[in-house]
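Per the working numbering, the very first residue in the sequence shown carries number 3; after that it's consecutive.
Check the hints yourself; a few may be wrong.
Unchecked claim - List of simulated lysine-lysine pairs, DSS-like, C-alpha gap at most 27 Å: (1) Lys155 - Lys100; (2) Lys225 - Lys240; (3) Lys7 - Lys87; (4) Lys155 - Lys54; (5) Lys143 - Lys226; (6) Lys143 - Lys225; (7) Lys155 - Lys240; (8) Lys7 - Lys155; (9) Lys179 - Lys226; (10) Lys54 - Lys100; (11) Lys54 - Lys179; (12) Lys87 - Lys179; (13) Lys54 - Lys143; (14) Lys302 - Lys240; (15) Lys155 - Lys87; (16) Lys287 - Lys143.
Said to hold, decoys possible - Estimated spans, in silico, between C-beta atoms of each pair: (17) Asp115 - Ser5: 51 to 61 Å; (18) Arg44 - Leu95: 54 to 64 Å; (19) Thr217 - Asp34: 55 to 65 Å; (20) Lys225 - Tyr14: 51 to 61 Å; (21) Asp241 - Asn102: 20 to 30 Å; (22) Gln19 - Gly188: 33 to 43 Å; (23) Phe17 - Ser171: 53 to 63 Å; (24) Gln19 - Asn102: 19 to 29 Å; (25) Lys225 - Asn96: 25 to 35 Å; (26) Ser276 - Asn154: 19 to 29 Å; (27) Arg91 - Gly188: 45 to 55 Å; (28) Glu117 - Asn239: 23 to 33 Å; (29) Ala145 - Tyr16: 37 to 47 Å.
The hints are simulated quantities; they were obtained by calculation from the structure and are not laboratory data.
C-beta: ideal position from N, C-alpha, C; glycine also.
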Amino acid sequence: MPSPKLTVDLSYDYFSQYNTQMGDHVSDWHFDSNVPAFNRQRLDSLAIELYKVYPEDMPYLEGTDGDITDDGNQSYNHNRSGWSKRLVRSISLNALYKINSNLNLVGNFGLRDGERRYFNDEDGIGLDLLTGRWTDLGEQKSAELRLESMSNKRFSWVAGIYYYHIEESLDGPVFPKPIFFHIYAGIPMFLARNYDGVTVHPYGGGSTESVGVFTSADYHFNKKITLTAGVRYSQDNKDFTYRQDGLPTFGYIHFPPDLDHDNEPDGYFDSTASWNAVTPNLSVKYAATPQTNFFGTISKGYKRVVLTWITYPVGNRSQFLLNRNSLPTTNWG
Numbered sequence: 003m004p005s006p007k008l009t010v011d012l013s014y015d016y017f018s019q020y021n022t023q024m025g026d027h028v029s030d031w032h033f034d035s036n037v038p039a040f041n042r043q044r045l046d047s048l049a050i051e052l053y054k055v056y057p058e059d060m061p062y063l064e065g066t067d068g069d070i071t072d073d074g075n076q077s078y079n080h081n082r083s084g085w086s087k088r089l090v091r092s093i094s095l096n097a098l099y100k101i102n103s104n105l106n107l108v109g110n111f112g113l114r115d116g117e118r119r120y121f122n123d124e125d126g127i128g129l130d131l132l133t134g135r136w137t138d139l140g141e142q143k144s145a146e147l148r149l150e151s152m153s154n155k156r157f158s159w160v161a162g163i164y165y166y167h168i169e170e171s172l173d174g175p176v177f178p179k180p181i182f183f184h185i186y187a188g189i190p191m192f193l194a195r196n197y198d199g200v201t202v203h204p205y206g207g208g209s210t211e212s213v214g215v216f217t218s219a220d221y222h223f224n225k226k227i228t229l230t231a232g233v234r235y236s237q238d239n240k241d242f243t244y245r246q247d248g249l250p251t252f253g254y255i256h257f258p259p260d261l262d263h264d265n266e267p268d269g270y271f272d273s274t275a276s277w278n279a280v281t282p283n284l285s286v287k288y289a290a291t292p293q294t295n296f297f298g299t300i301s302k303g304y305k306r307v308v309l310t311w312i313t314y315p316v317g318n319r320s321q322f323l324l325n326r327n328s329l330p331t332t333n334w335g
């Protein structure tokens, strides 16, 4: 946007992908099971054996007599005949306003969301035993507003505020077929058919939100020595939820029914956390030559709620040879 004082840049990105008939091949596949009669059988032999007895449970092999080889070759159809959809959209706005010859106001704002949905053969062996339908969603918002002095002065500085928020979730029900319970767990088929239509439904989701202020300043003593000092204060909040409905003793995580006697399945989990931190930084840089810098830094940061650390890296950086030696220390609190 042409203006003597204001420059604005607006961008939008869009990505969409849709895949169908997903699949490949596997060779010499052996089936793993808790049932000795089925364990470690070759997949082609197992398919023929099962189809002879339970053709009504394997309609996708109709007309093949259970033959899943590629025209008799020892390479089996790995028929993950599913689909996958992916969509990502983002928009960003960057603006710079020249307040005067020494001061700029800069703003960066962004929105981004993405989703991935797919349906596939969870056990990955080409037999319709266990399928899954997944929905992975995410949304991100960010904003930053800062004041910047001109960097061509002996003393320059920047100060600002920021906001960050992300929401994400994964919903992944899976659908075991009766024949799955038969050949994996040894349940007789007349009983396994009672499980027709059951699901194992894990769901997880959470959000992270961060608000903070920051400032940093550079002082150039001369052309060779620069001192940088800065500090940031942030307030963070995070929550997470997990649910697993359906069969409580089957799935990716085993949850007993209700051992803690809170009248909710132990597959229900909720957690929240909030924390704040001040993270200072001090560094000195010495430009020995146009190609080589020597530096020293003292900084404090944090990771998760209980971990903070202080680092003291020293070393040199060269255009011809990069060396970095550091002596880190860690404080737990």
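Taking the hints in turn, this is what the structure says about them:
1. With a CA separation close to 16 Å, the supplied pair Lys155 and Lys100 stays within the 27 Å bound.
2. Taking the CA atoms of Lys225 and Lys240, the gap is near 45 Å; set against the 27 Å cutoff, the hint is violated.
3. For the suggested pair Lys7 and Lys87, the alpha carbons sit about 44 Å apart, so the restraint of at most 27 Å is broken.
4. At roughly 84 Å between alpha-carbon atoms, Lys155 and Lys54 are farther apart than 27 Å, so this suggested pair is violated.
5. With a C-alpha separation of about 40 Å, the suggested pairing of Lys143 with Lys226 is violated against the 27 Å cut-off.
6. Only pairs whose Cα atoms come within 27 Å are accepted, and Lys143 paired with Lys225 is rejected, the gap being roughly 40 Å.
7. Between Lys155 and Lys240, the direct Cα distance comes to roughly 41 Å. Violation of the 27 Å bound is thereby established for this hinted pair.
8. Note on Lys7 and Lys155: the hinted pairing holds, with a Cα-Cα distance of about 20 Å set against a maximum of 27 Å.
9. Between Lys179 and Lys226 the alpha-carbon distance is near 72 Å, which puts this suggested pair outside the 27 Å criterion.
10. For the hint linking Lys54 to Lys100, the alpha-carbon distance of about 79 Å lies beyond 27 Å, and the restraint is violated.
11. The suggested pairing of Lys54 with Lys179 holds, with an alpha-carbon distance near 17 Å, which does not exceed 27 Å.
12. Of the supplied pair hints, the one linking Lys87 and Lys179 holds, its CA atoms being roughly 24 Å apart against a limit of 27 Å.
13. Simply put, Lys54 and Lys143 have alpha-carbon atoms about 56 Å apart, too far for the 27 Å limit, and the pair is violated.
14. Taking the CA atoms of Lys302 and Lys240, the gap is about 21 Å. The hint holds against a cut of 27 Å.
15. Of the supplied pair hints, the one linking Lys155 and Lys87 is violated, its CA atoms being roughly 52 Å apart against a limit of 27 Å.
16. At roughly 35 Å between alpha-carbon atoms, Lys287 and Lys143 are farther apart than 27 Å, so this suggested pair is violated.
17. With their beta carbons about 31 Å apart, Asp115 and Ser5 fall outside the hinted range of 51 to 61 Å.
18. For the pair Arg44 and Leu95, the supplied restraint of 54 to 64 Å holds, since their beta-carbon distance comes to about 59 Å.
19. For Thr217 and Asp34, the hinted distance range of 55 to 65 Å is satisfied, since their beta carbons lie about 59 Å from each other.
20. Lys225 and Tyr14 have their C-beta atoms about 43 Å apart, which leaves the hinted 51 to 61 Å range violated.
21. Between Asp241 and Asn102 the CB atoms are about 44 Å apart, so this pair departs from the stated range of 20 to 30 Å.
22. Judged by the Cβ atoms, the range 33 to 43 Å given for Gln19 and Gly188 holds: they are separated by roughly 41 Å.
23. For the pair Phe17 and Ser171, the supplied restraint of 53 to 63 Å is violated, since their beta-carbon distance comes to about 20 Å.
24. As the Cβ distance of Gln19 to Asn102 is approximately 48 Å, the hint placing it in 19 to 29 Å is violated.
25. Checked against the hint of 25 to 35 Å, the pair Lys225 and Asn96 passes, with Cβ atoms roughly 31 Å apart.
26. Distance hint for Ser276 and Asn154: a CB-CB separation of about 41 Å, inconsistent with the stated range 19 to 29 Å.
27. A C-beta distance of roughly 48 Å is found between Arg91 and Gly188, which places it inside the suggested range of 45 to 55 Å.
28. Between Glu117 and Asn239 the beta carbon distance is about 24 Å. The supplied range of 23 to 33 Å therefore holds.
29. Checked against the given bound of 37 to 47 Å, the beta carbons of Ala145 and Tyr16, roughly 21 Å apart, lie outside it.
Of the numbered hints stated above, those contradicted by the structure are hints 2, 3, 4, 5, 6, 7, 9, 10, 13, 15, 16, 17, 20, 21, 23, 24, 26 and 29, listed in ascending order.
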